[in-house]
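S.K.: Just so you know, the sequences run in chain order A and B. The first sequence maps to residues 1 to 136 in my numbering. The second sequence maps to residues 1 to 470 in my numbering.
Possibly wrong hints are sitting among the right ones.
Unchecked claim - Which residues of chain A face chain B? A partial, calculated answer using Cβ under 8 Å:
hint : residue
1    : 28
2    : 33
3    : 42
4    : 86
5    : 87
6    : 96
7    : 100
8    : 108
For the record, the hints were derived by calculation from the structure and aren't laboratory data. From the three backbone atoms N, C-alpha and C, an ideal C-beta is built for every residue, glycine too.
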Amino acid sequence: MTLIFAIAAGVVFGAGAFLVLTNDLVRVVAGMVLISQSAVLVVISSGLTRGDAPILPTGDKTPSDPLVQAMALTAIVIGLAVTALLLAIVARVRATLRSLEVRELARDEAEHTAELEQSLDTMHEQLASDEAKEEQ
Amino acid sequence: MTALALALLLPWVVGVVLLLADGRRKLVGWAAVAGLLANLGALIWLAVRVLPDGEQTIVTGGWTDGVGIVLRADALGVVFALLSSLVVLAALVHEVLEGVRSRTFPALVVLLATGLTGLFLTGDVFNFYVFFELAMIAAYVLTAYGDDRHQLGAALIFAVVNLVGSFLFLIAVAATYHVTGTLEMSEVAARMADVEPNAAILIAVTFFVAFGTKLGLFPFHFWLPAVYAGTRPAVAAILSGALANIGAYGLLRFGAGLLPNELELGSTVLIVIGSSSVIYGALLAVSRRDPAEMLAYSAIGQAGYVLVALGVGGPIGLAAAVLYAILNALSKALLFLSGALRGALVAAAFAVGALSLAGMPPAAGFLGKLQLFRTGVEEGSVALIVLLFCGGALSFVYAFQLYQHEFWRGDRVAVGTDSEKGVPAEPSGVAVRAVSVVLALLVLGLGIWPEPLLSLSADAAAVLHGGAVR
C-alpha cells in the first residue's frame with residue numbers, strides 16, 4: 001500500500017513539475033495544484049494505522065489514524081488559498097501584459113533591466129562630462 | 001502563559017479587522033502600527049519571563065498533554081520573534097509615514113507578523129507549517145505591492161519557487177510523523193535517534209532544501225535578486241530582515257534541534273555550500289550597480305555565513321549562527337530603509353548599516369564576524385578563516401561602493417522608465433528619517449555594549465544542544 005502511494009505521489013509531483021516548467025502561466029498554476037496534491041497524498045499515506053472511520057471506534061477493528069486526516073484537510077485548505085492567490089496574480093499579469101506566456105514575462109523583465117542599465121550608463125556619462133566641465 | 005497567547009491573538013485579530021478597512025488612510029496605518037506595538041510588547045513581556053526561567057508551554061484548546069497542539073516559547077524562539085517583530089514594525093512605520101499605496105498593505109504586514117510570531121513560538125511541527133504559510137502568503141502579496149508592473153513577474157516567480165519549497169517541507173513533515181509517530185518537537189527530537197538512518201537522512205535533506213530555498217542559499221538563490229530589486233524599500237526590509245529569519249531559524253531548529261546526528265553527518269556539505277554561497281554572493285554583489293540588486297546578492301552571501309556557522313556546530317558555532325542571523329537582519333533592514341531616503345543623518349544611518357554589514361568595530365556587525373572567526377579558530381581550519389576574511393573584505397568593498405553610489409553622487413537621475421522609482425533629491429520627512437536613525441542607534445548601541453546580545457545568543461543556542469538554560 002505504501003508503495004502504491006509513493007508511486008502515485010511521485011507521478012503526480014512529476015507531472016506538476018513538468019507543468020510548472022511550461023510556457024503557459026495557467027499551466028504553471030495547474031502544476032502547483034498538482035504538486036500540492038502530491039504533498040497531500042504523502043500526508044495521508046503517512047498515517048500509522050489503517051482501518052475503521054476514527055469518528056466512533058467500535059473496538060472490532062483498529063480505527064485509522066485521525067491525525068493525518070486533520071493534517072490533509074488543513075493542507076487542502078492552504079492549497080486552495082494558494083491556488084486562488086496564484087490565479088489572482090496571473091490575472092493581473094494578463095491585465096497588464098496582455099499575455100499569458102512565461103516568455104513574454106521574461107522578455108518584459110529583460111527589457112526593464114536593459115533600460116535600467118542604460119539609464120545608469122547615461123547617468124555615469126553625464127557625471128563624467130560634468131566633472132570634465134568643472135575641471136576646465 | 002497569557003503573554004504567549006496575547007502575542008499571537010492580538011496581531012491576528014487586528015490583522016483580520018484591518019483587512020476590512022482602507023489601508024491608505026493614515027488612521028488605519030496607525031492602527032496597524034498599534035497592533036504590532038502590542039505584539040512587540042507582549043513578546044517583550046514573554047522574553048522577560050522566559051529568558052531567566054526557561055521555557056513556557058501552552059497546550060491549546062484545553063486538551064491534555066500529548067493530544068493538543070503545543071505552543072512553546074523558549075529562548076531561541078523568543079529571540080527570533082522579538083527580532084522579526086521589531087524589523088516589521090520599523091518597516092511598517094516607515095511606509096505609513098511615507099504614505100501607504102494599497103488598501104491591504106497594513107493588514108498584510110500585521111498578518112505576516114502574526115505568522116512569524118506563531119512559527120517562532122510553536123512546539124508542533126505541523127503547526128509550524130501552518131504559520132509558515134500564513135507568513136509566506138502575506139509575503140507573496142506584499143511582493144507585488146508598489147504598482148510597478150515588473151513586480152508582478154517577480155511576485156509570481158517568488159510565489160511559485162517558495163511554494164514548491166513549502167510543499168517539500170510539508171512532505172518532510174509527513175515523513176517525520178510517519179517515522180516518529182508524533183508531531184511535537186521535543187518528542188520528535190527524542191525519538192529521532194532511533195529512526196532508521198536512511199529515512200532520517202532523507203528527511204533532513206528535504207528540510208534542508210525547503211529552508212535553503214527560503215533563505216536563498218547559493219544553489220537555491222535564483223529567485224531572490226529579481227524579487228528584491230523591484231520592491232518598495234519597506235517590503236525589501238521585511239523580506240530580508242524578517243522573512244529570511246524563517247530560513248535561519250528553521251535550519252537551527254530542525255537541523256540542530258531535531259536532527260542533530262544528521263546535521264553532524266552533513267557538516268562538510270553545509271560548510272561547502274555555505275562557503276560557495278559567501279563567495280558567490282559577495283562577488284556578484286561587487287559587480288552589480290543597482291543598489292537593491294547589490295543588497296540582494298549580499299543577502300545570499302550573508303545567508304552563507306549562517307550556514308557555515310551551523311555546519312561547524314557546537315555551542316560556539318550555534319551561538320555564532322544565532323548572533324549572525326540577528327545582526328544581519330538588523331543591518332539589512334537598516335540599509336534598505338535608509339537607502340531610499342535623503343536628508344541630514346540619513347547618510348550616517350546608512351553608513352552605520354554598511355559598517356555593520358562589513359563587520360567594522362563600532363557597529364554591531366563586528367560581533368557577528370568576530371564570533372565567526374572564533375568558530376573558525378575553534379575548528380582549527382585555516383581555509384575557513386581565509387574564507388571568512390575574503391568574504392569580509394568583499395562585503396567591505398560592496399558596502400562602501402553602495403554608500404558612494406547612493407550618497408556621494410548628489411542629485412540622482414531617475415532610474416528606470418518610471419520617475420517614481422527615482423529617489424527624490426529633496427530631503428525626506430523628519431519622522432521617516434527618525435525611524436532609520438533609531439535603527440542605526442540600535443545597531444551602534446549593540447556594538448558598543450555587546451554583552452546582552454552575546455549572552456542572549458548563547459542562551460538561544462543552549463536550547464538547541466541541550467545545555468542548561470540559565
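S.K.: If a hint holds in the structure, say so; if it does not, say that too.
M.R.: Hints and how they fare:
The closest approach between the C-beta of residue 28 (chain A) and any C-beta of chain B is roughly 6 Å, which is under the 8 Å cut-off, so the hint is satisfied. Against a cut-off of 8 Å between C-beta atoms, the interface hint on residue 33 (chain A) is violated, since the closest Cβ of chain B lies about 10 Å away. Nearest Cβ of chain B to the Cβ of residue 42 (chain A): about 5 Å, under the 8 Å cut. The hint holds. Hint on residue 86 (chain A) holds. Least Cβ distance to chain B is approximately 6 Å, under the 8 Å limit.
With its C-beta approaching chain B no nearer than about 11 Å, residue 87 (chain A) sits outside the 8 Å limit, and its interface hint is violated. The interface hint given for residue 96 (chain A) holds, since its Cβ lies 4 Å from the closest Cβ of chain B, which is under the 8 Å cut-off. Of the supplied interface hints, the one on residue 100 (chain A) is violated, with its beta-carbon coming no nearer than about 11 Å to a beta-carbon of chain B, more than 8 Å. The restraint placing residue 108 (chain A) at the interface with chain B holds, with a minimum CB-CB distance near 7 Å, inside the 8 Å limit.
The structure shown violates the earlier hints numbered 2, 5, 7.
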